[in-house]
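Given the sequences, and given the hints that come with them, work out the whole structure.
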Amino acid sequence: MLKRHTNETLARAFFVIAALSVIFIGGIAILYILSGTTTSIYPRFLAFSGIACMLLGATLLATLTKRAAVKIPFAVTCLVYASYIVYILATQIPDNTPLSFYSSPIIVTSILFAIGIHSILPATHWLALILWRAIATMVTGGCLVLVIMIWVPEINQYLAPNPTALAAIAVILLMAGIAMFTFDHRKQKGILVQLRSYLMASIAIVLTMLVWLTLSTRDANEMVARAEAIISEANRYLGAEVFQYDNTLRQISQRWSLKETIPSSSTDLAIEQYMQAHPHVFHMRLVNQAGERLSDVKNQDLEFSEREEAWLLETFGTESYALSIDSIVAGHPILILTKPVVSSQGEALQLTAAINFSQFVRHDVPEYLSFMRVFVELADQVIISINDPAFEHYTAKTLRDQYPFVFSRSLMLTPDFQAQYHATIFNYELIWDNARLNQLVLIFGCLFSILLLFAFDTNRKLRQQQVKLQEIASFDTVTGLLRRDMLEFEVNQAIQSNQAGNAHILFIDLDGFKPINDSLGIEMGNTLLRQVAERIKSCVPRQALVSRFSSDEFIVYLPQLAEKEAMTVANSILKRIGEHFVVDDLEVHLTASIGVAPVVLTTNTATQHIQHADVAMSAAKARGGNTVSVFSLAMAAESEKHYQMRSRIKAALERKEFDVFFQGIVATKTYATIGYEALARWPQENGGFTSPAEFIPVAEQTGQIVEISHFVLDRSISFLAKLNQTQPDCYVAVNLSVQLFERIDMFKTLHSLLEIHHANPRNLHVELTESVFIEDFDLVSNTLRQLRELGIQVSLDDFGTGFSSLSMLHKLPIDIVKVDRSFVLELGRNSESRKIAESVMLLAKTLNKKVIVEGIENQEQIEFSESFECDGLQGFYFHKPLPAAAILPNNR
Numbered sequence: 001m002l003k004r005h006t007n008e009t010l011a012r013a014f015f016v017i018a019a020l021s022v023i024f025i026g027g028i029a030i031l032y033i034l035s036g037t038t039t040s041i042y043p044r045f046l047a048f049s050g051i052a053c054m055l056l057g058a059t060l061l062a063t064l065t066k067r068a069a070v071k072i073p074f075a076v077t078c079l080v081y082a083s084y085i086v087y088i089l090a091t092q093i094p095d096n097t098p099l100s101f102y103s104s105p106i107i108v109t110s111i112l113f114a115i116g117i118h119s120i121l122p123a124t125h126w127l128a129l130i131l132w133r134a135i136a137t138m139v140t141g142g143c144l145v146l147v148i149m150i151w152v153p154e155i156n157q158y159l160a161p162n163p164t165a166l167a168a169i170a171v172i173l174l175m176a177g178i179a180m181f182t183f184d185h186r187k188q189k190g191i192l193v194q195l196r197s198y199l200m201a202s203i204a205i206v207l208t209m210l211v212w213l214t215l216s217t218r219d220a221n222e223m224v225a226r227a228e229a230i231i232s233e234a235n236r237y238l239g240a241e242v243f244q245y246d247n248t249l250r251q252i253s254q255r256w257s258l259k260e261t262i263p264s265s266s267t268d269l270a271i272e273q274y275m276q277a278h279p280h281v282f283h284m285r286l287v288n289q290a291g292e293r294l295s296d297v298k299n300q301d302l303e304f305s306e307r308e309e310a311w312l313l314e315t316f317g318t319e320s321y322a323l324s325i326d327s328i329v330a331g332h333p334i335l336i337l338t339k340p341v342v343s344s345q346g347e348a349l350q351l352t353a354a355i356n357f358s359q360f361v362r363h364d365v366p367e368y369l370s371f372m373r374v375f376v377e378l379a380d381q382v383i384i385s386i387n388d389p390a391f392e393h394y395t396a397k398t399l400r401d402q403y404p405f406v407f408s409r410s411l412m413l414t415p416d417f418q419a420q421y422h423a424t425i426f427n428y429e430l431i432w433d434n435a436r437l438n439q440l441v442l443i444f445g446c447l448f449s450i451l452l453l454f455a456f457d458t459n460r461k462l463r464q465q466q467v468k469l470q471e472i473a474s475f476d477t478v479t480g481l482l483r484r485d486m487l488e489f490e491v492n493q494a495i496q497s498n499q500a501g502n503a504h505i506l507f508i509d510l511d512g513f514k515p516i517n518d519s520l521g522i523e524m525g526n527t528l529l530r531q532v533a534e535r536i537k538s539c540v541p542r543q544a545l546v547s548r549f550s551s552d553e554f555i556v557y558l559p560q561l562a563e564k565e566a567m568t569v570a571n572s573i574l575k576r577i578g579e580h581f582v583v584d585d586l587e588v589h590l591t592a593s594i595g596v597a598p599v600v601l602t603t604n605t606a607t608q609h610i611q612h613a614d615v616a617m618s619a620a621k622a623r624g625g626n627t628v629s630v631f632s633l634a635m636a637a638e639s640e641k642h643y644q645m646r647s648r649i650k651a652a653l654e655r656k657e658f659d660v661f662f663q664g665i666v667a668t669k670t671y672a673t674i675g676y677e678a679l680a681r682w683p684q685e686n687g688g689f690t691s692p693a694e695f696i697p698v699a700e701q702t703g704q705i706v707e708i709s710h711f712v713l714d715r716s717i718s719f720l721a722k723l724n725q726t727q728p729d730c731y732v733a734v735n736l737s738v739q740l741f742e743r744i745d746m747f748k749t750l751h752s753l754l755e756i757h758h759a760n761p762r763n764l765h766v767e768l769t770e771s772v773f774i775e776d777f778d779l780v781s782n783t784l785r786q787l788r789e790l791g792i793q794v795s796l797d798d799f800g801t802g803f804s805s806l807s808m809l810h811k812l813p814i815d816i817v818k819v820d821r822s823f824v825l826e827l828g829r830n831s832e833s834r835k836i837a838e839s840v841m842l843l844a845k846t847l848n849k850k851v852i853v854e855g856i857e858n859q860e861q862i863e864f865s866e867s868f869e870c871d872g873l874q875g876f877y878f879h880k881p882l883p884a885a886a887i888l889p890n891n892r
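Residue numbering for the sequence shown follows the numbering used here, beginning at 1 and increasing consecutively.
In case anyone wonders, no lab produced these hints; they're calculated from the structure. Ideal placement from N, C-alpha and C gives every residue a C-beta, glycine not left out. Don't take each hint at face value.
What the hints assert, rightly or not - The calculated DSSO-like cross-link candidates involving lysine-lysine, where the alpha carbons are at most 27 angstroms apart (straight line), are:
id: 1; residue 1: K845; residue 2: K811
id: 2; residue 1: K537; residue 2: K650
id: 3; residue 1: K621; residue 2: K575
id: 4; residue 1: K537; residue 2: K564
id: 5; residue 1: K669; residue 2: K811
id: 6; residue 1: K650; residue 2: K748
id: 7; residue 1: K850; residue 2: K722
id: 8; residue 1: K669; residue 2: K835
id: 9; residue 1: K514; residue 2: K669
id: 10; residue 1: K650; residue 2: K564
id: 11; residue 1: K835; residue 2: K845
id: 12; residue 1: K514; residue 2: K748
id: 13; residue 1: K575; residue 2: K514
id: 14; residue 1: K669; residue 2: K650
id: 15; residue 1: K748; residue 2: K669
id: 16; residue 1: K748; residue 2: K722
id: 17; residue 1: K811; residue 2: K850
id: 18; residue 1: K641; residue 2: K621
id: 19; residue 1: K621; residue 2: K514
Claimed, not checked - Computed Cβ-Cβ distance ranges for the label pairs, DEER-style:
id: 20; residue 1: E638; residue 2: E860; range: 46 to 54 angstroms
id: 21; residue 1: R250; residue 2: L31; range: 47 to 55 angstroms
id: 22; residue 1: F777; residue 2: I744; range: 15 to 23 angstroms
Below is the structure:
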């Protein structure tokens, strides 16, 4: 779940950055136009794309919200603007506009229509989902194709000759398309989730676009500089050529003016020499005012048209030049130069030279300018190419329609003539190369911004994990309380800084929580523990520390509180826990045992104080629970005694010091031995024994009873097998602890021991106290039923001394009821013990249970037991506990 949430957050951040990038690139396109850089590159198309990108990005951001008041206006604006673009494309764009120029507006228009319709629909609508996927597919697929086409020179011709903008829009829209694929638009949770990551990624995108804009502007300025260079070079060349042609003609006319006569042979010779020096001149003639040709030399069979002849007559006597419109239309432009000549006799003559203008103006340009063409505007709407091998003439409109990039400049060709030049690009290979390099900047910038998002997201997750690890290290995952080690650390810090004076520790243990937890289950048990933790926190002062010690145990550290105040807090906790809990509509009732211990500065560690509170809690639990007990030195002594006993038991088990004695059970009337009860004994070096009343309770608390019981079972069954060799009907009874049922498989254990020792299961009795059934009735009952099926009989020991009622006797899976010795000690005629003993024996007989009376020490007790037809008697009156060796016949 956490991983999926993280992916959703990252996808959302990527989507927002992509949408902002679309807005940024649209804004840059508009700024690009406003700066005047693209005034000659179809600015209307770039404006369409720029505004559409800004609107598209804003609409994508609007999809993040559920508010229709935000989404609908953007959706309607998208549809209206898309319709406007379609109208403009259909009605106001020239018919001869290259189809490649339509690609960007058409793509963006289609996206606007789709996103507009999508934004009107509810996000969860099936059509909205289809449109979203369709838009993502269209954008991603279309832009991916564009990117590929941009990098394949062979197919660049099918794209608009404005690669700079096209390359940028393709990358940004591709990023947006991928973001749409990764982002689930139906989960509208707003924009500002990780503002810092958005800000840093946005700055990276903006910087990337600024770098791209700088490089693109540099490239555009470079194109302008080259256009200026080629125009300047063309003007210099044309100026030099015109000056040379004109100067030579002037020299000829001046030389002839000095001569008295102009012989025809001399004139022809000079003209021929001039034409040889100037190969572009194909016709020269000298005429008088009457139009008579004094000299006429031709390289081509070409005559002036009537319009040209009329112009020559009109300009007779003046120094003029003109470009023949008729020749331009005919495809061989003629530049006509005229120079007046006055003979020494004063006769006015006119020298005319016809020059092949297409050859005259053609010249080679430097290699770095070879991708450009330069045109000169000779007359209104008459524009011809200077460096184009194929002669063509244009008007201003046709020139701009054919060439998207047109740079114009006026320069003085001659002192009295200013020529208008136009530079265009006919080979876009260099621009495509620059666009590809600049596109790489955008691609790497976008990737860097995405990496920033990943980096910030990874950093965020690491911080969350660090916080979580700190919480795990400091707080309990179930209750949210301090962990035990953290509380001990805080208490130790207070002790070391002498700030723990007049402080107390409460040790809280929930009474009977385990069976409740087992019946409710772990989840509901954890819910109950959380509620307990909340109630404890509601009862303690603000400066107190609350910790979960173990499964159902809690510790409270109360700084600066006297014992009376600590007791008030403890009783308040006791009261709050005693109030009923509600867990999944179930009412649960709990009580608690609380130990209170003062924090003494002379004691070194928090652990010792907690142990003191634990000892006090154990004392409270021994008093029946649901109470508060204050730690005392007597409790400490008892606790120390308990600890020492535990250590002694551990050592005794390791050294195998324990032994098993057997006390006989006799039949009523005959007093013949019918069985034995196995009793654990702990011999001491002085020849005495440690009383079972001392070590059995400790072993029960520490779990050492399991190992002791297994030892007793093994010895008892071994004894049974040997005993049955001579007394086949005699049985052995063994006491079982409830911990055996919880920690081991009793059925498998007994079955295995019986097979190992080859003992008869029908002669094995197991004895349990009624407290065993209280711990886990179902588990114990099911196990006992399995044992009874095996042939083992079950005895209920010490019946009547525990918490079970007489009415529950019929529910227990038992065969024998053993009446506790406490009921037969005082058998006065009206004693309560006698009445209870009578009731137990009568009820057992009614339920067809066998009855054995324990603690028989005198004749009165025997007679009382026999009066109720008991099945067996046990006590020191008949047999004292003896070791197996003293009982088995072959060992006597």
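Practice problem: Could you tell me which of the numbered hints above are not met by this structure, giving the numbers in increasing order? | Solution: 2, 5, 9, 10, 14, 15 and 20
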